[in-house]
Each structure stands twice: as C-alpha cells, then as structure tokens.
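K.L.:
Protein chains in written order, with this note's numbering: chain A, 1 to 320; chain R, 1001 to 1311.
FYI, nobody ran anything at the bench for these hints, they're computed from the structure.
For each residue, glycine too, the CB sits at the ideal point set by N, CA and C.
Some clues are possibly wrong.
[Claimed, not checked] Partial list, derived from the structure: chain R residues whose beta carbon lies under 7 Å from chain A:
no. : residue
1   : Val1141
2   : Arg1159
3   : Phe1250
4   : Gly1285
[Stated by the list, open to error] Facing chain R, a subset of chain A residues (Cβ under 7 Å, in silico):
no. : residue
5   : Val7
6   : Ser132
7   : Leu133
8   : Pro134
9   : Leu270
10  : Val273
11  : Phe292
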Amino acid sequence: MVQAVLVMLAVAFIAFTMFNFVGDPVAIMAGQDLPAEQRVELRKTLGLDDPTPVRFARFVANAAQGQFGLSYRTTEPVGRMILDRLPATLELSLIAVLVALVIGIPMGVFSGLYPHHWISRAMMTVSLIGISLPTFLIGILLILIFAVMLGWLPSFGRGDTVKIGFWTTGFLTVSGWKAIILPSITLGLFQMTLIMRLVRSEMLEVLRTDYIKFARARGLTNRAVHFGHALKNTLVPVITITGLQLGSIIAFAIITETVFSWPGVGLLFLQSVQAVDIPVMAAYLVLIGLLFVLINLIVDVLYFVVDPRLRSQGAKAGAK
Amino acid sequence: MMLPFARVVEFWRQTTDSDLFWSFKRSKLVMVSAVITVLFFIMAFGAPYLAPHNPFDLASLELSDAFKPPAWEEGGEMKYLLGTDDQGRDLLSTIMYGSRISLVVGFLSVIFAMVLGIGLGLIAGYVGGPVDGLIMRIADVQLSFPAILIALLVDGVSRGILGEARHSDIAEAVLVVAIGLSYWVQYARTVRGSVLVEKNKEYVQAARVIGLPGPLIALRHVLPNVMGPVLVIATINLALAIITEATLSFLGVGLPPTEPSLGTLIRIGNDFLFSGEWWITIFPGVVLAALVLSVNLLGDWLRDALNPKLR
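When you get a sec, could you build the whole thing from the sequences and use the hints?
P.N.:
Quick look at the structure:
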C-alpha cells in the first residue's frame, strides 16, 4: 500500500513537472495578439505565479478530484474529455483480454498436453510470428483482409453506441459488436500468444510433478487430471501475467485505437502528444498510474483467492 | 610470430571449434535467420550503391509515376520492381533506405539504453546503500509502465521543449533518446544483480587491497565479467527497439515523411489502403516483420546458447 501511494506521488510529480517546464501555457492558450496586461491577468487566474510546493499541492488536490484544468488544444475540461472516451477504451481492453484468455488458455493447454502434435508445433510457430509482428501491422493486415478485400467488418469507429448515464456502450448494438471484433483481436493477439506460451510451459512443468502421477494412479479420468489438477495449478502465473499485461493492453490500445480510429483515451493521448497538449498528457499519465496501482492490488487479492497455500501462510503470519 | 594467413586459419579454427558455432550449426532456423539478418545489413547499408533509384533526389521524382503497382501487376513497370508510392518514389529503394534508418535508430537506441543501464546498474550495485535504493525504485516505477508509453511521453515533452520545427530536424536523436530511456531498466537490473555477486569475489578484494580507486575497479574489472547477459539482452532489445521505432513513426510521432523509416512508409501507405494501393503498406510491413523475426530468432538462440544451464 505504501508502495502504491509512493508510485502515485511519483507519477503525479512527473506529470506536474511536465506542466511546469514544458512550454508556457499562457503563450499556447492566448495566441500572439493578447496584450501584456491580459497575459499577466491570465497568469494570475491560472495560478501560475504561486510558489512551486503550493502549486504541486494544488495539482495533487485537483487531480484527486479528477480536475486537470483545460485542454490547450480544445479548451475543454480535461477530466470531461477523458471521462467521455474512457468507456470506449475500457470496453476494447476488456474484450481484448477475454479474447486472449478464451483462446490462449485452451491453446496453451492443448500444446502442453501434446507438445509433439503437429497442431501444437503450428501454434508455436504462429505464436512466434505473433510476438514478432508489431501491433499496428497486425491491425493493418486485418483491415486489408476483412474490411478492404472481404468487406465483412468495419475498419474504423465504434459503430452505433447506446448511452447509459455517462457510460456509452457499443455492446447493445449489432454494429457496435461488429466494430469491436477487429480492434479487439489486434489488441489481444500479443497477449494471447504470451498466455498460450505461459500456460504451455507451466502445463509441461506441472504434468511432471508427483501429485499428477498420483492423481493418475488413483484412476482419475484424464479430464479430471488435466483440468482439475494440472490447469488449476498453472493459473497463478497466468493471473499475474494477465494482470500485469492489462496495463500494457491499455497502453497498447494507443496503437490499436489509432489504426482503427477508435474514439478512446489512447487516441486522445496520441493527438495530445502531437499537439503538445500537456494537461491531457499529464491526466492520462496519472490515470494510467492509477490503473496500474489498482490492477496490482487486485492481482494481489486474487492470489489469495486462487492459491490456498498463500492463504494459510498469510493466516500464520497474521497470527504471529 | 605467425604469418597473417596462418593467423586467419587459426582464428577460423577457434571459431568453428567453439560451443557457440556448434549450436549455431545445429539449427537450420538460426542459420536462415542469420543469413536474412546479414542480407538486411548489406541491403540497408549498401542502399546508396545497390538501390535502383535515389528516393531523396527530388529532381529524379516524377509525379506521373506515382501509385505504380508492382512490376508483375497490370500497369507495373520493370523500372519500379515493387511499385511506387504517392510521390512517385520507387518503393524498393525507399524500403532499402528506410531499413537503413530503422536499423541505425534501433542500434543507437540500444547502445544508449545499454550505456545508461550499465552505468546506473554499476553505480547501484557497486555503491549500494541509499543510491542503490533510489535507482532501483526509479527502475521499479518505470518498469510498471509500458515502454511505448514512456517513449511517447519523452517524444511529446521534447516536442514541447524544442518546438515543432526543431523537433523534426533532430527527430532521429529524439527517437534514440526516447526509446533508450524506455528500455534501460532491464540492463540496470541485470548489471546490478551480477555486480552484487562479483563484488564479493577475491579479485575485486585484491584490486581494492592494492588501492585502486572504486570507479576504476567497477569499470575495468567488474564490468567485463557482467557483460555476457547484457549482450543477450541487447540482441533481444534490438528487435524491440526496431518495433518501437516503427510504431512511433507509424503513429506519426517518429521520423517525418521526408526521412522515412519503415514505420513512416507503412503510415504513408495506410492512407491508401482503401483505394487499392495495398503495396505501399504491405511491402514495408513484410520487410519489417522479416527483419524483426530474424533478429528475434537470433536473440533467442544466443540466449539459449550462452545459458550454461541449457547446455
């Protein structure tokens, strides 16, 4: 927990430093015609004349309330802009993770059980290519095949969305589902190969252990041995990696969103980098930091749920 | 005294006798990827002599030649084997020059990350104490952020500091710094770990006893002994650096279209995907994929071959 707070403070500090030393917001916002007195006035209203610690404290306080000031590029409130686009990114990431897990784990289990089967070899080769191909190239190839040549799926946007409160979802319309297929495959492919390789090597390791031999000796069916005993024990590293990768999925969404013009936070961030829109960049950085800290916490909690050994150790440590 | 010729023979014999060469000979895949990598280097660095056209010579460009398909398609010309892009540049030549830029940026950023990482790792491991704590905390925080995000941030910040015009003048240097800054952690951690082990060995104590200054011991005596794993990381990171550069250029924050790397070429071609000019994107894409794949395979092999546990 202390680490989490420290990480967040460090991230906030970097974001704050960016605010301070990169460019002059007044010069960027005001344009060239503004008279000098009004510039001074603007500096005062923006609070740029206060001492640095005061401004850092104010920055953190504002950030905690989700307020990052106005975008230099569009002069909209940054918090609003991000909140508007967050659902698109989160839905995309969620589906991508599901794709990676639902396809990756069975593939890993199969190639772990039958490492010499030709299907396993084919899957390993494909996964190597999947790791080597840059994300954007996969996206372009998918667009070329499924959108340009076959014309089955749309290549950009989210399709029709439905608004539920502040959350806009594409899950309730056919065109929304169609639109999410290609981006989520693009985004999930790398994680899928990673999970497949991980499950495979873990399965190979677990299948050699004594308790698997014992389970077989007890006359359990293959099914029970493979899924009840072997797979269950491979899940701890899978959860760790998936958790850690969830963060990089959200970061890699920058690329996928650009390829597919997906109206999410990543695209917003990229536009901000190109336009040197520091408030948006800073807010995105803080948001990603927050997500990472949250994900790490959730992963730690999940360990205890999945692995009973950790639970008993924790209880012992607590008793002392 | 050995004759030069005998020396060459001796060197060749030593090389072919080594474990490394033995494991190299055993895998066809590795040999193929080594050949492809070497071909890439020849193609990329020989571009000024080998390329059929000079895509940077604006006088030789003809806009009427724009969007020519590859030679085997209808409307293609032998003059432009892989077709031309939107400005009438020969695609094969642009790809050759582009891979040169990609490789140069990749190499430089790996070297930058390596020097930075080794330096900080040495300091952290050798000095220890609060310095070690500080460097490793920074590394931990950075490790939890994906490299591409850090590279984008560095690029955005430098854009803000330098201004748009000057930024694109030194885009290559900015990219090297951005990619280097996002990959130093791995080196620092590896070096620090090895230094902690090496520090307590007798040769370091001996060096200390004869009164050598600390920095000298760290650089001259400890460093050579921790270089093995570092070189393996460097090979694997070369592929990563090339991908990162291509990604940044594709996203439009890397190299400008006047100085196209493979990523920039793919970005240019992406705009014409729907109007049927698929070759502008696909050929640079295939080249990029082949380059990264073969470097990756070489890196994997090097890691296994140098790992004493797997021998």
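K.L.:
Does the nearest C-beta of chain A fall within a distance shorter than 7 Å of the C-beta of phenylalanine 1250(R)?
P.N.:
holds, 5 Å
K.L.:
Given valine 7(A) was flagged as interface, is its beta-carbon under 7 Å from a beta-carbon of chain R?
P.N.:
Interface hint status for valine 7(A): holds (6 Å vs cutoff 7 Å).
K.L.:
Given valine 1141(R) as an interface hint, is its Cβ closer than 7 Å to any Cβ of chain A?
P.N.:
Given a least distance of 5 Å, the restraint on valine 1141(R) holds.
K.L.:
Next item in the hint list is leucine 133(A). Is there a CB on chain R closer than 7 Å to its CB?
P.N.:
Nearest chain R Cβ about 5 Å off; hint holds.
K.L.:
Do the numbers back the hint for proline 134(A), that is, is its least Cβ distance to chain R under 7 Å?
P.N.:
holds, 5 Å
K.L.:
For the hint on phenylalanine 292(A), does the least C-beta distance to chain R fall short of 7 Å?
P.N.:
Phenylalanine 292(A) check passes; min Cβ-Cβ to chain R is 5 Å, inside 7 Å.
K.L.:
Under the criterion of a CB-CB separation shorter than 7 Å, is arginine 1159(R) in contact with chain A as hinted?
P.N.:
holds, 5 Å
K.L.:
Are valine 273(A) and chain R close enough, Cβ to Cβ, to be under 7 Å, as the hint says?
P.N.:
Status holds, d = 4 Å.
K.L.:
Is the interface hint for glycine 1285(R) satisfied, with its Cβ closer than 7 Å to some Cβ of chain A?
P.N.:
holds, 5 Å
K.L.:
Are serine 132(A) and chain R close enough, Cβ to Cβ, to be under 7 Å, as the hint says?
P.N.:
At about 4 Å, which falls below the 7 Å cut-off, the nearest Cβ of chain R leaves the hint on serine 132(A) intact, so it holds.
K.L.:
Mind checking the CB of leucine 270(A) against every CB in chain R and telling me if the closest is under 7 Å?
P.N.:
Constraint on leucine 270(A) satisfied, holds at 6 Å.
Hint compliance for this structure: no hint is broken.
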